[in-house]
Each structure stands twice: as C-alpha cells, then as structure tokens.
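So the sequences go chain by chain: B and V.
Just so we're aligned, residue 1 is where the first sequence starts under my numbering, counting upward by one.
Just so we're aligned, residue 1 is where the second sequence starts under my numbering, counting upward by one.
Quick caveat, the hints were computed from the structure, so don't treat them as lab data.
For every residue, glycine included, the Cβ atom is placed at its ideal position computed from N, Cα and C.
Accuracy of the hints is not assured; some may be wrong.
[As the list claims (entries may be wrong)] Simulated restraints, written as ranges between beta carbons of each label pair:
#, chain 1, residue 1, chain 2, residue 2, range
1, V, His199, B, Glu176, 20 to 30 angstroms
2, V, Arg183, B, Glu184, 36 to 46 angstroms
3, V, Thr186, B, Ser138, 54 to 64 angstroms
4, B, Glu184, V, Thr186, 47 to 57 angstroms
5, B, Val177, V, Leu242, 39 to 49 angstroms
6, B, Arg189, V, Gly236, 50 to 60 angstroms
7, V, Leu252, B, Ile76, 51 to 61 angstroms
8, V, Ala255, B, Glu33, 27 to 37 angstroms
9, B, Thr145, V, Ala255, 27 to 37 angstroms
[Stated by the list, open to error] Sample of chain V residues with no beta-carbon within 12 angstroms of chain B, all distances over it, derived:
#, residue
10, Asp38
11, Leu62
12, Gln133
13, Glu229
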Amino acid sequence: MSESTRTVHIVDDDEAIRQSVGFMLRKAGHSVETYASGVQFLKTATREMHGCVLLDVRMPEIDGLEVQARLAEQGIMLPVIMLTGHGDVTLAVRAVKAGAIEFLEKPFERTALLAAIDEALSQAGRNDRGQLAAAEASVRLAALTMRERDVLDGMVLGRPNKLIAFDLSIATRTVEVHRANLMEKLAARSLSDVLRIAFAAGLGEAHPG
Amino acid sequence: MISHARPLSGRIEEDSWRLRKDGSEFLAGVTLTALRDDAGELRGFGKVIRDVTDQKASEAALVRREHHLRSILATVPDAMIVMDECGIVSSFSTTAEQLFGYAKADVIGQNVSMLMPPADRDGHDGNLRAYLQTGVPNNIGNVRVATAQRANGETFPIELAVGEASIGGERIFTGFVRDLTNRHQTARRMKELQSELVHVSRVSAMGTMASTLAHEINQPLTAIAAYLETTRAMIGETEDGLLGEIAEALELAAAQSLRAGTIVRRLRAFVDGGDTGFKAERLDTIVEEATSLGLLGAHEAGVSVTMTIAAGLETVLVDRVQIQQVLVNLIRNAIQSMASSPCKELTIVTAPDRDGWVRVTVADTGTGLSPDIRDRLFEAFATTKEDGMGLGLSICRTIVEAHGGRIWAEAGATSGTAFHFCVPLAGAEDV
Chain B
1 MSESTRTVHI VDDDEAIRQS VGFMLRKAGH SVETYASGVQ FLKTATREMH
51 GCVLLDVRMP EIDGLEVQAR LAEQGIMLPV IMLTGHGDVT LAVRAVKAGA
101 IEFLEKPFER TALLAAIDEA LSQAGRNDRG QLAAAEASVR LAALTMRERD
151 VLDGMVLGRP NKLIAFDLSI ATRTVEVHRA NLMEKLAARS LSDVLRIAFA
201 AGLGEAHPG
Chain V
1 MISHARPLSG RIEEDSWRLR KDGSEFLAGV TLTALRDDAG ELRGFGKVIR
51 DVTDQKASEA ALVRREHHLR SILATVPDAM IVMDECGIVS SFSTTAEQLF
101 GYAKADVIGQ NVSMLMPPAD RDGHDGNLRA YLQTGVPNNI GNVRVATAQR
151 ANGETFPIEL AVGEASIGGE RIFTGFVRDL TNRHQTARRM KELQSELVHV
201 SRVSAMGTMA STLAHEINQP LTAIAAYLET TRAMIGETED GLLGEIAEAL
251 ELAAAQSLRA GTIVRRLRAF VDGGDTGFKA ERLDTIVEEA TSLGLLGAHE
301 AGVSVTMTIA AGLETVLVDR VQIQQVLVNL IRNAIQSMAS SPCKELTIVT
351 APDRDGWVRV TVADTGTGLS PDIRDRLFEA FATTKEDGMG LGLSICRTIV
401 EAHGGRIWAE AGATSGTAFH FCVPLAGAED V
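The whole structure should be built from the sequences, with the hints applied where relevant.
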C-alpha cells in the first residue's frame with residue numbers, strides 16, 4: 001500500500017485533538033494531514049485524494065455530517081470515521097446511513113480507532129461492502145426476538161431510547177437491556193456496527209431521512 | 001250655570017296634531033269635559049287645548065334615556081346591585097341573577113349580606129354603619145377583590161366597585177360585581193406553567209451543563225488517552241524492568257482517562273432523565289400556552305403576534321414542559337431582539353417537515369444575528385446579552401436533540417431572525 005493511500009485526514013476544530021490523535025496515528029505508521037475546520041478540508045479535498053477521514057461531528061460553520069454530505073455530492077469517496085464528544089443515536093444513524101464506517105465516542109481506545117482506520121483504509125476505493133453484507137446481515141437479524149426487532153426498528157429510525165420506550169410502552173431500562181442483547185446477537189461492537197448491519201439488511205429504507 | 005257644571009261621565013283626554021294658521025303643526029293636549037246644568041242636563045262641552053309639543057318631547061327624551069340606560073346596564077358584563085343605606089337591596093340586575101343564581105324577587109328587600117359568605121356578613125353591616133356615622137368611606141369609590149356566595153352556597157372571587165349617590169335626600173349605593181373565577185383560573189394555570197418551567201429550566205440547565213461538560217472535558221481526555229496509549233505502544237515489549245514499569249503506569253493512566261470519559265457520559269445520561277415526560281400531546285395547546293407565557297408583559301412593548309397552526313399535525317410525542325421551555329426561550333429572545341425595532345412582529349408557525357416530524361418556527365423582526373455569533377449560537381456560554389448566561393439556546397438544543405430533533409436559525413424573510421426546530425409527530429398507535 002502506497003503512502004498516500006494510508007493517509008488519515010483529521011478534521012477537528014480542537015488543536016489538542018489534532019495533535020494528540022495525529023501523534024497516535026503517525027506512531028502507528030499512518031501519514032496524517034490535519035484541518036482545523038470542515039471548510040478548510042473541503043477546500044483541499046479532491047477526488048484523487050486517498051486514505052480516510054476522521055471527522056468531528058460538532059464543529060462551527062459546518063458540522064461533520066454536513067462535511068460528509070458535501071464530500072458525497074462532490075463524488076469524493078473517502079471512507080469517513082465520525083468522532084463525537086457525546087454519543088447521540090440520531091447523529092449516529094445519520095452518519096452511518098450516509099456511509100460512515102464507524103462512529104466513535106470521545107475519548108476512545110487506541111485499539112478501537114486503529115481498527116476502524118484499518119477497516120476504512122481496506123475499504124477505500126471499494127464500494128461492494130453493502131452487497132457483501134446483505135445476506136449475512138439478514139441471517140444475523142433472524143436471530144432477534146420480536147421485541148429486539150422492535151427496538152432495532154426504533155434505533156434505525158434514529159429515535160432516542162426514551163422515545164422507543166414510549167413507542168413500545170416499556171421502560172427505558174428495558175430498552176437498554178434489549179439493545180445490549182441485540183448487539184450481542186448481531187456480534188456488533190458498537191452502535192454503528194448495529195446500524196450498518198441493519199441498513200445492509202435493508203431496514204429503515206421505507207423511512208428516508 | 002257653567003260654574004256649577006260637574007262632569008258625570010268623566011272626561012276625554014287625547015293628544016293629537018293640530019294645524020296653526022301659519023301652517024305649522026303642534027301637538028295638542030285636548031281635554032273634553034261634559035258641561036251640565038244643576039239638573040244634570042247636558043249643556044255642552046268644555047274643550048281645552050294646550051300646546052304640549054315641548055312637554056311631550058322632553059317626556060319622550062326621558063323615556064329614551066331611561067331605555068338607553070337600561071340597555072347599557074343590561075349589556076354591562078358586570079352584575080349591578082343597588083341598595084339603600086341600611087344595606088337593603090332595591091335593584092338586582094339580570095346579570096346579577098345569572099351570577100348569583102337568585103331571582104330578583106329573592107333578593108330585593110333583603111340585606112345585601114346574603115350575597116356574601118357568612119364570615120363576611122357581620123363585617124359588612126359594621127362597615128356600612130361606620131361609614132354612615134363617620135362619613136369616612138371604606139370601600140366606596142375604589143375597586144377591590146372580595147369573595148361572594150351564590151345561591152347554592154358556592155363561593156367565588158369577585159371584583160367589586162361601589163358608587164354612592166344621593167337622590168331626593170336618600171342615599172343609595174350601587175355595586176358592580178365582576179366574576180373573577182375565570183381570571184383566577186387563568187392566573188393559576190399561568191402560575192403552574194411558570195413553576196413547571198422554572199423547574200424544567202433548572203433541570204435542563206443541568207443537562208446542558210453536563211452536555212457541555214461532556215464535550216469540553218472529553219476533548220482533553222481524548223488527547224490525554226491518545227498520548228498515553230501511544231507512548232505505551234512506543235515502548236512495546238521490553239526486557240528493561242524500569243521501562244516495563246513505565247509502560248504499565250502509562251497503560252493504567254490511559255485506562256483512568258477513559259474511565260473519566262465514562263463517568264461524564266453517565267452523568268449526562270442521568271441528567272437526560274429516564275422515563276420522564278414523553279407523551280402524545282397537542283401541539284396547538286403547547287404553542288398557545290407557551291406563547292401566552294412568553295408574551296407576559298410583552299403587549300406593553302407593542303409586539304403583534306401571528307400564530308399559524310398547521311392542520312393535521314396536532315399530536316406530537318414530546319415532553320410538554322421541555323418543549324414549552326424551548327418556545328418560551330425563543331419567544332423571549334425574539335421580543336428582546338425587537339426592543340428597539342420600529343416594527344415588532346412575532347410570528348409562530350407550525351409546518352410539516354420530513355416524514356414523521358413537524359417543524360415549529362419562531363420568527364421576529366428584530367435586529368437579526370451577526371455572522372460571528374451565528375456559528376456559536378447554540379453553544380453554552382455564548383451570549384450577546386450583558387446579563388445573559390448564554391445557556392438559553394444551548395438548553396433549547398439539548399432539549400430538542402433529546403427529542404431526536406434539531407434546532408437551527410436563519411435570517412428572517414425581510415429582517416430579524418427565524419428559529420426553527422423539529423419535534424416528532426405521534427404515530428397513530430401512540431395516541
């Protein structure tokens with residue numbers, strides 16, 4: 001793999017994050033470019049760019065999701081890993097639906113970020129992930145109970161636990177238990193894993209947005 | 001002899017129009033009297049004609065004025081009660097009948113204290129006596145709030161204005177009574193809403209602080225963990241005892257910084273609250289209540305309000321008090337931004353958004369937003385107000401995001417600012 005295909009583009013308005021995460025990735029053997037804002041990154045980004053993007057969700061001017069959308073509009077197919085200061089299902093759903101590889105909550109473990117970046121870089125330039133996963137995803141979904149499927153449907157719609165609890169007339173606590181169980185059954189390590197599997201199996205397509 | 005004439009069969013009086021020589025007309029009061037002699041034989045008729053045009057006109061005017069007065073009194077929303085100086089009721093209006101549940105006949109001739117709760121009755125007689133003796137008015141001429149009692153024993157709040165008049169040396173008192181029940185209910189509802197809002201704004205402020213904390217603290221924690229884990233990785237496997245201990249310490253320190261992140265996250269989840277609050281609610285009611293709260297005191301500021309509620313989007317799945325908090329914040333901001341604007345128009349609109357969501361817009365014709373504040377608008381501690389904490393809009397964002405929606409601002413159509421936020425519609429199964 002050439003140097004340029006291993007480049008990680010870090011887009012974060014916080015300098016300490018750019019420095020520390022840049023340090024981490026360089027030491028792990030990646031080449032790193034940093035950008036202080038989504039606008040700055042979009043000015044530089046081209047279709048010929050390789051590697052992957054580490055995008056902070058909450059930034060001034062345009063946020064991470066907007067950067068992701070504009071990249072797609074411009075046909076720039078860089079794999080995206082989203083970073084967020086606080087986990088939020090709705091944001092995660094939008095990011096993963098828009099094609100993000102992973103949605104990581106800060107602070108994250110080094111191994112989690114490196115694994116996500118490896119996955120992103122190995123997929124860079126390929127676009128067959130969804131098709132490959134579809135059959136596998138349906139098999140995994142079949143293992144869920146009715147209630148777990150209900151909870152998953154709510155998650156796919158980007159509804160917070162509280163709303164899912166209301167929809168199903170069960171306690172928020174119970175929703176959390178179902179979530180933990182279904183993540184285990186789907187062999188998902190994170191919320192973005194769950195969403196990717198669900199979207200691969202064709203869930204949530206009737207509800208755009 | 002005419003002087004001895006006496007009428008046997010009464011006399012005839014009538015008013016009719018007569019013609020003068022000059023052609024003008026006048027109203028004549030005509031009296032026809034039969035004239036008889038001593039034996040009672042009819043001798044003829046005496047006829048007296050008086051010009052009564054002016055007299056009739058003033059009589060008619062009097063009747064008209066009385067009708068007019070009565071019609072005014074009948075339409076005054078206040079009940080009217082007239083009593084004499086002993087407190088005996090001499091007049092009891094139709095509105096009073098409706099208000100108190102008594103018929104006129106039940107009250108006229110009775111002491112007015114029958115319309116008061118028993119505890120107030122003696123006091124009233126005492127007051128009246130004291131006034132008549134000392135001439136120092138107690139309740140005359142001003143408006144006060146009192147309690148009245150209906151025929152069925154129910155007591156209710158009233159506003160009472162008493163006037164005094166002296167007619168033919170007889171002193172009468174006229175009382176106008178206004179039912180305050182509705183106004184009190186409205187005031188109480190407002191108070192309830194306000195205290196709910198105060199509570200929720202405290203909770204939301206905590207949530208916002210936690211959310212801001214989570215964001216602000218997680219950034220340095222991320223950097224710390226990244227440095228620690230990376231230096232740990234740089235050491236790698238080592239035979240050197242000292243380096244091995246350093247590696248272990250770095251590993252433990254990294255684990256602790258990740259733990260701190262988990263704690264902050266839990267705090268936020270805790271403040272966001274478990275099962276509280278989400279219900280199918282009517283959006284129009286939420287908007288109307290929040291608007292009347294937000295507008296308290298705004299009418300003096302000359303703000304005109306237009307509210308447009310879209311049909312078919314009535315039922316939303318929200319925490320009512322939290323969404324009202326958002327609306328009140330936006331409305332207050334809007335009013336403040338228009339303080340020095342010549343044109344003060346507040347527009348509140350609900351409209352369909354993407355599938356399953358309804359968008360609420362609060363627009364003003366105020367000073368608008370400067371570009372440098374627009375980017376930081378929803379961040380905690382960003383404020384344009386000298387006395388502001390900069391929490392209002394970040395609270396709004398925390399609340400709206402907790403509903404799965406989003407909130408944003410844009411420049412108004414001609415001037416000012418429009419704030420939009422989305423809340424989820426309740427599905428058919430939620431209602």
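Practice prompt. Of all the hints given earlier, name the ones this structure violates by number, lowest first.
Written response: The structure conflicts with hints 2, 6, 7 and 13, although it agrees with all the remaining ones.
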